[in-house]
Amino acid sequence: MTADSIDLATLRHGARLAGFTWTDAELEELRPLVEVTLRLLRALDAVPLGDTEPTTQYRTV
Amino acid sequence: MTELARMIATKAVSPVEVVRAHLDRIAALDGDLRAYITVCDDAALQAARAAEAAVVAGQPLGALHGVPYALKDLYDTAGVRTTAGSRILSDRVPARDATVAQRLGAAGAVLLGKLNMVEFAHGPEGLNPHYGHARNPWDRAVHRIAGGSSSGSGAAVAAGLAPGALGSDTGGSIRIPASLCGITGLKPTYGRVSRAGVLPLAWSMDHVGPMTRTAADSALMLGAMAGYDAADASSSVLPVPDYLAGLTGEVKGLRVGLLRGVFGEGAAPVVRAAVEAAATALAGAGAVVDEVSLERMDLVAAAATAIVGSEALAYHTEWLRTRAAEYDPPLARRLRLGAFIGGARYVRAQQVRGLVREEVDAALARRDVLLAPSTPIVAPALEECEAMLGDGPADVRAALIRFTRPFNLSGHPACTLPCGFTDAGLPIGMQLVGRPFDEATVLRAADAFQRLTDFHARHPVLA
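Taken in order, these protein sequences are the chains called A and B. Each residue of the first sequence is one higher than the one before, starting from 1 at the first, in this note's numbering. Each residue of the second sequence is one higher than the one before, starting from 1001 at the first, in this note's numbering.
Bound conformation, chain A alone (with noise of 0.2 Å):
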């Protein structure tokens, strides 16, 4: 498995975890998007944050 793939076990694994029970076809399926979808998450790992507050709303004044 290389750092862009994931492997069926742990599809399988972090949907039990996320509470789902999908099949191995539905995983199948997702594993092209989970896999380019986690390469492009990793760009918020990157980023500097330093003391930044995460945002959950705009400004409601």
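To be clear, the hints were calculated from the coordinates, so they are not data collected in a lab. No experiment lies behind these values; they were computed from the predicted model shown.
Ranges of calculated distance between the beta carbons of each label pair, as one might list FRET restraints:
1) B:Asp1395 to A:Gly19: 28 to 34 Å
2) A:Ala9 to B:Met1388: 39 to 45 Å
3) B:Val1461 to A:Leu40: 40 to 46 Å
Every residue, glycine too, gets a C-beta built ideally from N, C-alpha and C.
Given the structure of chain A, go ahead and fit chain B onto it with the hints provided.
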């Protein structure tokens, strides 16, 4: 809508005639355009008759008295089914109106019906396998997308099947169909317009706003809808200005920042040229135009994906467990993706959101509005999967949301309006982005541009 409201109030035209004309046009054209999911013929005529009686009786009239409009089919409407473009909710009939539907009704507006959309608003192309794909009215030879997710709103207003409509915008779903269909669309500041009674895609990214033919019409609708609502936890208590009164046509001294970087290089050449010509036109009218880049735009896709993926999964969890087969399969896959994002990445995405917001705020610190293309391409054909942008080929889906999504993340108000046409006659849209809660300046600039040009006054030729 402004003109219809004036004509109705002065008895130049009857609301019954206006509503009937729209219903006749829907009956004639919507079999092909597929803009509507539900048409409220009887209720609309009944409301129009009541509106006419009020005019004749000399009663006080609301700002939209007797003026017809339509709602994207994710706004709750009492007694009228609200499907969100889905099979799952195909028989759902709400007991109460969404706050904005209630407010527009109180202003006298007459609901024509509920508009087609992407299933649960999750997608920018405007396709719907359950109710049919709304068709872009600007091309009768080729089936081009209307854009989404408010596809029916874009197609209906462009084709004259409604003088105005509401859309919702989570990644660009007001501005994309407005751009591709050659109309005006306003995504207000997050918190400016209540989301209560509007089915969510992603609560922290969803915005509610008007789609109309002119900026003045958007100002009219916004004025009737905006303002605090206790039913929406993110609703602002700031007072609502008189948006129509602010449309002075004056842009002398207005500071306009023409967005460069990806907003320039990432657009198809014809789109970029049209937006630059718009900047020149505004400068010619006295605006002070400079150029500005936003360096953090490369983080937007990751942050928005994490936020929308997580929030959409949270909303759909129960149906994914019990009714997954009723989703369009590609949508089910996109929703399931949220299970693999993780809580920490969701929070990091919200932190990145703060950085993006700061950067847009900084760009607006010395400017009144920012100017950029709304979409990097014009309406693609239904089967097109790849688009050629100024900086290379891109997936159509990703391309469509490239310039709109940053301002869902930041929450700033943004108005799209037509700024040109291709040689093939397809509309090109530009967006004006303003300071938080300064929709008045955004609308003033948009209206002033429409006084300088006639792009908004062109309409597709339909049988």
